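Q: Line order of the protein sequences matches chains A and B. Numbering that gives the first Met the number 0 numbers the first residue of the first sequence as 0 and each following residue consecutively. Numbering that gives the first Met the number 0 numbers the first residue of the second sequence as 0 and each following residue consecutively.
Errors might be hidden in some of the hints.
Said to hold, decoys possible - Listed next, with one range per pair, are the computed distances between beta-carbon atoms:
no., chain 1, residue 1, chain 2, residue 2, range
1, A, LYS108, B, THR376, 16 to 22 Å
2, A, GLU201, B, ASP182, 32 to 38 Å
3, A, GLU201, B, ALA257, 38 to 44 Å
4, A, GLU201, B, SER238, 38 to 44 Å
5, B, ASN47, A, GLY63, 50 to 56 Å
6, A, LEU180, B, MET0, 29 to 35 Å
7, B, ARG185, A, GLU236, 35 to 41 Å
Said to hold, decoys possible - Facing chain A, according to a computed beta carbon distance under 10 Å, are these residues of chain B, among others:
no., residue
8, GLU190
9, HIS192
10, HIS195
No lab work stands behind these hints: they were computed from the structure. Fair warning: this is a prediction, and the values are worked out from it, not measured in the lab. C-beta atoms are modelled at their ideal positions from N, C-alpha and C, and glycine is treated no differently.
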Amino acid sequence: MAVCVFMGGITNGFQAFVPCGARAFLVLMKSTCSAGEQNSNIRLGENAMVTSDMVEIRWHARGGQGAKMACLLLAEVAGQEGKFVQGFPEYGPERMGAPLTAYNRISGKRCMIHSNIYYPNYVVVLDETLLDSVDVTCGLKEGGAIIINTPDSPKQIRERLRGWTGKVCTIDARRISEELLGKNFPNTPLLAAVVKVSGVLEAERFLSNMEESYKHKFAGKPQAIEGNVATLKKSMEEVQVE
Amino acid sequence: MSKCFSGNEAVAYAMKQINPDVMGAFPITPSTEIPEYFAEYVANGEVNTEYVTVESEHSSMSVCIAAQAAGARAVSATSSCGLALMYELLYVAASCRLPITLACANRALSGPININNDHSDSMGARDTGWIQIYAENNQEAYDNFIMAMPIGETLSVRLPVMTCMDGFITSHAVENIELLETDVVRKFIGEYHPEHYLLKKENPLAVGPYDISSYYMEHKVMQAEAMKSAKARIREVASDFEKISGRHYDLFEAYKMADAELALVLIGSSAGTAKAAVDMLRDNGIKAGLIKIRVFRPFPAEELALALSNTKAVAVMDKSEGFSSNGGPVFAETRSALYDLKKRPHLINIVYGLGGRDLKTEDVEKVFSRLADIAVTGEASPVYTHMGQRQRSTT
Numbered sequence: 000m001a002v003c004v005f006m007g008g009i010t011n012g013f014q015a016f017v018p019c020g021a022r023a024f025l026v027l028m029k030s031t032c033s034a035g036e037q038n039s040n041i042r043l044g045e046n047a048m049v050t051s052d053m054v055e056i057r058w059h060a061r062g063g064q065g066a067k068m069a070c071l072l073l074a075e076v077a078g079q080e081g082k083f084v085q086g087f088p089e090y091g092p093e094r095m096g097a098p099l100t101a102y103n104r105i106s107g108k109r110c111m112i113h114s115n116i117y118y119p120n121y122v123v124v125l126d127e128t129l130l131d132s133v134d135v136t137c138g139l140k141e142g143g144a145i146i147i148n149t150p151d152s153p154k155q156i157r158e159r160l161r162g163w164t165g166k167v168c169t170i171d172a173r174r175i176s177e178e179l180l181g182k183n184f185p186n187t188p189l190l191a192a193v194v195k196v197s198g199v200l201e202a203e204r205f206l207s208n209m210e211e212s213y214k215h216k217f218a219g220k221p222q223a224i225e226g227n228v229a230t231l232k233k234s235m236e237e238v239q240v241e
Numbered sequence: 000m001s002k003c004f005s006g007n008e009a010v011a012y013a014m015k016q017i018n019p020d021v022m023g024a025f026p027i028t029p030s031t032e033i034p035e036y037f038a039e040y041v042a043n044g045e046v047n048t049e050y051v052t053v054e055s056e057h058s059s060m061s062v063c064i065a066a067q068a069a070g071a072r073a074v075s076a077t078s079s080c081g082l083a084l085m086y087e088l089l090y091v092a093a094s095c096r097l098p099i100t101l102a103c104a105n106r107a108l109s110g111p112i113n114i115n116n117d118h119s120d121s122m123g124a125r126d127t128g129w130i131q132i133y134a135e136n137n138q139e140a141y142d143n144f145i146m147a148m149p150i151g152e153t154l155s156v157r158l159p160v161m162t163c164m165d166g167f168i169t170s171h172a173v174e175n176i177e178l179l180e181t182d183v184v185r186k187f188i189g190e191y192h193p194e195h196y197l198l199k200k201e202n203p204l205a206v207g208p209y210d211i212s213s214y215y216m217e218h219k220v221m222q223a224e225a226m227k228s229a230k231a232r233i234r235e236v237a238s239d240f241e242k243i244s245g246r247h248y249d250l251f252e253a254y255k256m257a258d259a260e261l262a263l264v265l266i267g268s269s270a271g272t273a274k275a276a277v278d279m280l281r282d283n284g285i286k287a288g289l290i291k292i293r294v295f296r297p298f299p300a301e302e303l304a305l306a307l308s309n310t311k312a313v314a315v316m317d318k319s320e321g322f323s324s325n326g327g328p329v330f331a332e333t334r335s336a337l338y339d340l341k342k343r344p345h346l347i348n349i350v351y352g353l354g355g356r357d358l359k360t361e362d363v364e365k366v367f368s369r370l371a372d373i374a375v376t377g378e379a380s381p382v383y384t385h386m387g388q389r390q391r392s393t394t
């Protein structure tokens with residue numbers, strides 16, 4: 000369960016050692032949630048260290064849904080556009096269906112931080128059954144958005160978001176994918192949706208860069224290129240925002 | 000050339016550009032992708048390396064030893080238990096003075112079994128006689144691998160080199176990277192012409208025979224001298240590398256240390272996270288800095304002592320638990336290095352990040368907060384602690 004830890008005041012050391020203004024670095028306290036649960040003895044704070052132009056994305060999925068691939072693809076495509084990127088999965092026991100997270104940082108300058116992302120701007124959920132077991136909105140920044148793979152509307156799904164009041168986006172990735180790719184690959188629609196909702200990459204350039212990378216990736220089966228590009232386009236059109 | 004590569008792909012790509020004679024290949028998480036990518040280069044005919052698939056890491060290192068002793072360039076990659084299984088052979092490689100290059104994607108050692116990052120694998124091999132160079136990110140992993148051969152193969156050194164990067168955090172994270180052109184890399188590496196080797200018919204020799212007491216000690220002293228002289232060579236190679244890459248390297252990186260009063264000493268990807276925390280503390284007027292150890296073997300003791308000589312309090316952060324009951328390996332080295340200083344800073348040791356426990360910028364701030372206390376009160380006790388673990392229930 001979530002644990003709430005508070006730190007008692009500012010240490011004597013800093014009071015004596017630095018000008019008073021310097022104490023501002025001691026972060027505001029916040030109750031922790033699942034993302035920080037394992038370090039329950041350590042205070043957690045809104046991470047002010049990321050530059051304001053940095054976009055941080057956290058992916059929630061189950062093993063086998065392709066979240067890692069989407070996360071790495073996003074990093075690659077953003078990198079091609081001259082952005083500084085990180086794309087990394089969090090590994091645990093490797094098995095199909097197990098909940099997993101993956102992360103993206105996209106910025107105008109190289110990011111030195113190599114921790115997981117606890118205060119994302121965007122959260123992407125590839126499997127809506129995770130909403131019951133994972134606190135997906137944990138740390139999600141005010142002004143950010145959550146994007147969920149579900150046939151439900153944002154209004155319907157909001158009830159399951161543990162009081163999240165910010166932007167909710169939904170996309171029926173399964174239907175789109177089955178229609179255009181003939182199989183349930185939720186990662187491609189969600190990749191398009193997060194690009195659309197976040198505006199982190201310019202849509203047209205994203206599509207043309209993706210097409211290039213598909214040409215490379217599917218050199219052996221060119222029929223897959225068209226379907227994937229169509230999936231991206233349709234997903235960008237269909238994502239609902241509330 | 001700008002690309003986005005994971006650390007594993009970066010190292011595999013460096014190997015491809017080098018085109019070594021032999022690779023001893025036995026995959027283990029999280030370094031598995033290195034032999035995987037390399038197998039693809041072999042299959043595509045992009046390299047003409049003899050790719051030897053074996054039944055264990057004991058054998059992959061044996062392959063490297065045999066190949067290098069025969070006068071070839073040999074490489075391998077491993078992690079965790081794989082490195083542990085090579086243990087005996089690591090000594091053989093170093094004492095036979097065979098400049099093999101080994102990429103280690105650092106991972107925790109059993110038990111319980113764990114696939115995530117800490118430094119207990121390579122720290123366990125710190126006394127095997129290998130040069131050890133650690134990377135903060137994919138770029139450094141690539142650069143360090145390219146610098147390894149010119150360091151290890153030099154006559155005054157002739158030692159194997161282990162280039163380390165953090166498993167998953169670096170090995171599996173896709174980040175931007177600047178690659179050198181292959182002809183530039185080839186020219187930088189040069190050709191390998193060992194002075195002596197098994198297949199040299201003018202001077203047949205045995206490699207690795209029994210060494211009697213009348214000679215063993217002399218050989219060990221020579222090996223120790225070689226490790227000492229590696230320091231100057233590492234700097235020389237770094238300076239040559241800067242000319243072709245524009246990227247500067249040294250035995251360690253001193254980040255905002257010029258006037259630092261509170262400092263960290265640490266290794267690997269955590270240094271990046273800690274730099275972000277240092278930046279923020281600096282923005283708030285706190286004289287924080289850090290030293291990222293790049294070369295752990297040979298240990299840059301005098302240089303480190305000098306860099307820390309004007310600090311007030313220092314936290315050495317170890318990403319492995321040495322079970323010495325007296326602090327981790329980086330702490331032991333650092334404290335020893337500082338002993339000869341006339342005026343020493345207060346020193347504490349924090350063991351963190353074991354088995355993939357994440358290090359956040361807030362954790363680093365917390366360490367600096369404690370250093371600030373110590374600088375004022377002079378009270379550094381307890382000197383050796385752990386960070387990030389759950390507290391044991393008192394009920």
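Q: Now tell me, hint by hint, if it's right for this structure.
A: Okay, the hints, checked on the actual structure:
no.: 1; hint: A:LYS108 <-> B:THR376: 16 to 22 Å; verdict: violated, 38 Å
no.: 2; hint: A:GLU201 <-> B:ASP182: 32 to 38 Å; verdict: holds, 35 Å
no.: 3; hint: A:GLU201 <-> B:ALA257: 38 to 44 Å; verdict: holds, 41 Å
no.: 4; hint: A:GLU201 <-> B:SER238: 38 to 44 Å; verdict: holds, 41 Å
no.: 5; hint: B:ASN47 <-> A:GLY63: 50 to 56 Å; verdict: violated, 38 Å
no.: 6; hint: A:LEU180 <-> B:MET0: 29 to 35 Å; verdict: holds, 33 Å
no.: 7; hint: B:ARG185 <-> A:GLU236: 35 to 41 Å; verdict: violated, 49 Å
no.: 8; hint: GLU190; verdict: violated, 34 Å
no.: 9; hint: HIS192; verdict: violated, 39 Å
no.: 10; hint: HIS195; verdict: violated, 43 Å
Of the hints listed earlier, those the structure fails to meet are numbers 1, 5, 7, 8, 9, 10, in rising order.
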